[in-house]
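Novice: Take the given structure of chain A and dock chain B to it, following the hints.
Next come the chains, spelled out residue by residue.
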Amino acid sequence: MSNKRTLVVIGNGMVGQNFLVSLMASDIKDKYDVITFCEEPLPAYDRVHLSEYFSGKSAAELSLVEDGFFENNGITIYLADKATIIDRANKTVFSEQGKVIAYDKLVLATGSNAFIPPIPGKDRENCIAYRTIDDLDAMKEAAKTSKVGAVVGGGLLGLEAAKALQDLDLVTHVVQFGPRLMSAQLDDGGAGLLKQKIEELGVSVLIDKNTIKIVDGDVCKHKMMFSDGTELETDLILYSAGIRPRDDLAALCGLKIANRGGVIIDDHCLTSDEDIYAIGECASWNDQTFGLVAPGYAMARTVVNQLAGGDAFFTGADMSTKLKLNGVDVASIGDPHASAPGSLVYTYQNGVQGIYKRLVVSKDNKLLLGAVLVGDASGYPILSQYYLNAIDLPSNPDSLILPARSDASVGLGPDALPASAQICSCFDVTKGAICSSIEGGCTTLGGLKSDTKAGTGCGGCVPLLKSVLDCELEKAGFEVNTDICEHFSYTRQDLYNLVMVEEIKTFKELLTRHGAGSGCEICKQTIGSILASHWNEYVLKEDHLGLQDTNDTFLANMQKDGTYSVVPRMTGGEVTPEGLIAIGQIAKKYGLYTKVTGGQRVDMFGARVDQLPLIWQELIDAGFESGHAYGKSLRTVKSCVGSTWCRYGIDDSVGLAVELENRYKGLRSPHKIKFAVSGCTRECAEAQSKDIGIIAVEGGWNLYVCGNGGMKPRHGDLFATNLDKTTLIKYIDRVLTFYIQTANRMQRTSVWMENMEGGLDYLKSVVIDDKLAICQQLESQMQRVVDTYQCEWKTTIADESKVKRFRHFVNSDKHDENIIFVEERGQVRPANIEERELLKAEIA
Amino acid sequence: MSKWIDVCNVNDLQQNSGVCALVEGKQVAIFYMADNSIYAINNYDPFGKVHVLSRGMIGDIKGEPMVSSPLYKQHFSLKTGVCFEDENVNVASYGVRIQGDRVEVNLNGAAK
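Residue numbers (the working numbering), protein chains in the order written: chain A, 1 to 844; chain B, 845 to 956.
Same shape as in the complex, but just chain A (with noise of 0.2 Å):
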């Protein structure tokens, strides 16, 4: 036999299991034997977010009960069964299904009912509480033969209920007894402005209906009868006309009940039996009973810790409220009726945007009472904050609800709030929970949820608790990281600049001076580059082959099925009748796939590794070189045809295309670097794409620069007019000088511009003014590299240890047997899974 206690729980709603999940979470876990009733077939589930159960959500994702909470805790819980009497001299609950249950402490959590109002027809047909999963089941059933829906009640719940039907393309009416929606949380100019907005998204509302009978309807199922002679005509009735706690249990067993409803409990939510508390909706506290959650939840961890020998009390709870009610945001915070002898009024309505706020303070202009806030709730944050802390309002507390005008910026920072804050209501988490959270090393939003339970409640706290989050990481010094990766705590600017400032060769060396573990393909392609880029050194020299990607390793295009593309430069896009024919040639010979490129070349496609330094060999013998396509480097330089052939040609725009291409080929960069020479305006080689584009004009060339084609196209930026050639090649040298040193890693060069501060003026205040004196050294270093191209096909097939690389395998001359191409259209492509297969099974 257990020497623990017995605790029995009776009710299994949210305020029941969230006190099952602190108990859980509490020392005392193991000092109980934990039992408890769920006369639902469910447990626990989230009634708040009820409607969501007609948009698309699950009875199990309403769920709030994770998956194996009871069995991995040891609790029994005894669903479809109800606690029907409580044996307080024998300390022993008997159940409908017969359990009979010695406790040693008793937790009454039994919740609410919907309150019916005792109008004659009530019970008729499809006339149903809009509560429980279960009424939600008979109202999906209802609602197959119904075609209008009415709403009994306009508070919160029942605007929720409408959203429901509406979900169910019934006609929704609201029917309100009293003047206004949301009566206890809104005041008239809020729920006025609550109430035409609900109208636009389609919902009749009616105030002020008192329903004196329901009858049978002439065209729909029921008709409602209202004291004002008027009656409205409805096939489906909802009633979500307020709660009663369920307190019959209690009564019946002989405890205390309030004169409105409610077992009475005291500050430690102790009945009238020292054995027996109550919580939640079933439970009056200063005559008061709470349809909210968080009171709920409140007075759930007040007994924990009185279980615990604590002496929490429970001290009434905020009833203040946010939420988004068929898309329309609504906030109320205090008591925003102004109930409070002397206190002041603010009201900021805007008809324009159909927002309404409403602040009530006290007479002496200091505290804030209470507020509503109707179609813009941003603020309900700041404003909960100022009211539950009693923070000093500024000077003017309309500027806390008038619009921010460009100087009048009055808001709470979260440094403002002192630690004791309440951020998170719903979990009652304190800003200083939070902060010694982030001080433990929580640095993301997520991550503070998952610790401290802020803001996985209602939610409505999360973009305060983003702002204590940013607040306090800014304050410890936190920063955007811009470091490349866990290697190198360095951006790629900083460490071009190591690179040249200590001179520095190899990869080898900047990680034993700069960096920690052994690298990543993302710091080893980085680094790859900036040292092709500055020093311009053969690639697959022993100390930088680890540092390339495939495509540079095998100085080749890597596609999908493993194999290869092969480019060949052709300058300008030109071409001689001998080198196509070779080409041609080639491509047969090794059963390449050919297509011409949008850089007016000739790409070859499927040529297995083994088969690239053959082919190389070939491409060379017939007056190729390296296209670099592989690269992240200068790929092509397109020109239209020029003055040389075309009739309207101003300029020879080829010509130039092939001097800059042999000028800058080889040219490493952080990405590809694509130009474009066009012969006149007209435009042909669209030169306005590319990084860089030049067009030929009657004084000279036109520079533009940063342009981009792909997923983000960007016009390049007019950057020099009326060029001759060495103004031009002088100031291609210096952007794209600067552009590799100071630009991200994977950044084209028009990210790279739209991320510069000044803007074009200033990289031409940097290219053409010189202003930060670089010029020179800008020059210099593009004159080295152009003074040290090579073809790096041709370094390579003549370096036999090189060339060795080029195998499948290290131990056989054998291919790769799951290469395997099918033929379409006149030529080869690469076999899908399903051909592979196929044709693999074929010749097995």
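Zero decoy hints are in this set.
DSBU-like cross-link-like pairs, simulated, lysine-lysine; straight-line CA separation at most 35 Å:
id, chain 1, residue 1, chain 2, residue 2
1, A, 122, A, 57
2, A, 804, B, 906
3, B, 893, A, 802
4, B, 847, A, 804
5, A, 840, B, 923
6, A, 541, B, 923
7, A, 449, B, 923
8, B, 847, B, 893
9, B, 893, A, 588
10, A, 505, B, 917
11, A, 560, B, 870
The hints are simulated quantities; they were obtained by calculation from the structure and are not laboratory data.
Specialist: Just chain B now, kept in the frame of chain A:
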């Protein structure tokens, strides 16, 4: 059964890089790290569905040696073959050692 199979000479390896060996019909990617350690995993890239992992770049993630797929850049642990991005995906890892100037692979060898 533990069986070491001779594959190639140490000179056939390239430091900081990988090679692929054919071992009893299996494609084995062998990686020779900067610190002279050596690892072997299957050459098949389960994402790209082709045999190319030996051509990926190597390095470490928080000290764990890894190769980055040359196709879609997922990272695989060289010790266990497990994918860093999706622990449900892994490639086989094999035993590999250097004996004198020879490299040997053990297809049943436990991962390091």
